[in-house]
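Participant: Please work from the sequences and hints to get the whole structure.
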Amino acid sequence: MSTRPAAPQVSRPALREAMRTFATGVTVLTTAGRSTHGMTANAFSSVSLEPPLVLCCVARTALMHAAITEEGEFAVSVLAQGQEHVARYFADRSRPQGAAQFDGVGWRPGERTGAPLLAGALAWLECRVAHAYDGGDHAVFVGEVLSATTASDGAPLVFFGGRYRRLDEG
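Per the numbering used here, the very first residue in the sequence shown carries number 266; after that it's consecutive.
Note that these hints are calculated values from the structure, not bench results.
Think of the CB as a built atom: it goes at the ideal place given N, C-alpha and C, for glycine as much as any other residue.
A hint or two may mislead.
Said to hold, decoys possible - Pairwise CB distance ranges, derived in the manner of DEER restraints:
1) Pro-270 <-> Thr-414: 47 to 57 Å
2) Ala-413 <-> Ala-308: 10 to 20 Å
3) Gly-385 <-> Pro-361: 31 to 41 Å
4) Ala-308 <-> Ala-279: 10 to 20 Å
Facilitator: Here it is as structure tokens:
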């Protein structure tokens with residue numbers, strides 16, 4: 266048992282402001298099956314090479330949370346710098362739901378999961394949920410990587426300071 270006094274909880278605005286200083290890549294998570302869905306996410310990271318694991322964090326209130334929980338699998342498309350429109354589209358809650366949200370978006374089904382892999386991305390991963398952890402108002406899904414492929418080259422789409430950026434921007 267700790268003898269330190271409890272630290273005051275940081276405010277939501279203060280935490281959001283601090284996290285704006287952390288640059289991240291931008292991905293779109295997708296699922297197939299009865300819960301076909303896509304969602305822009307920047308809370309994504311490599312965890313381990315052996316075994317091959319990645320993680321993504323998804324709000325418990327997001328449709329993607331229910332989709333990943335139901336399907337037990339997900340795919341990740343790592344977006345290229347010219348795909349800001351794709352990131353914005355999959356972040357827009359007014360887009361169509363289900364399979365219809367992929368109409369007009371270039372994609373192919375993943376060989377292992379059937380989840381949509383978006384055209385023009387830098388890399389694609391297909392994953393099976395290995396673990397799900399409580400992360401406050403989010404769940405942390407750790408996925409065992411079933412397949413990983415990359416495009417020939419390109420620069421990533423980056424999110425920093427509350428907006429999309431290019432690596433060559435100041």
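Participant: Are the hints correct? Go through all of them and say.
Facilitator: Evaluated hints:
A C-beta distance of roughly 51 Å is found between Pro-270 and Thr-414, which places it inside the suggested range of 47 to 57 Å. Distance hint check: the CB atoms of Ala-413 and Ala-308 are about 19 Å apart, consistent with the given range 10 to 20 Å. Roughly 20 Å separates the CB atoms of Gly-385 and Pro-361, a value that falls outside the hinted 31 to 41 Å. At about 18 Å, the beta-carbon gap between Ala-308 and Ala-279 stays in the expected band of 10 to 20 Å.
Against the hints set out earlier in the document, a violation occurs for number 3 only.
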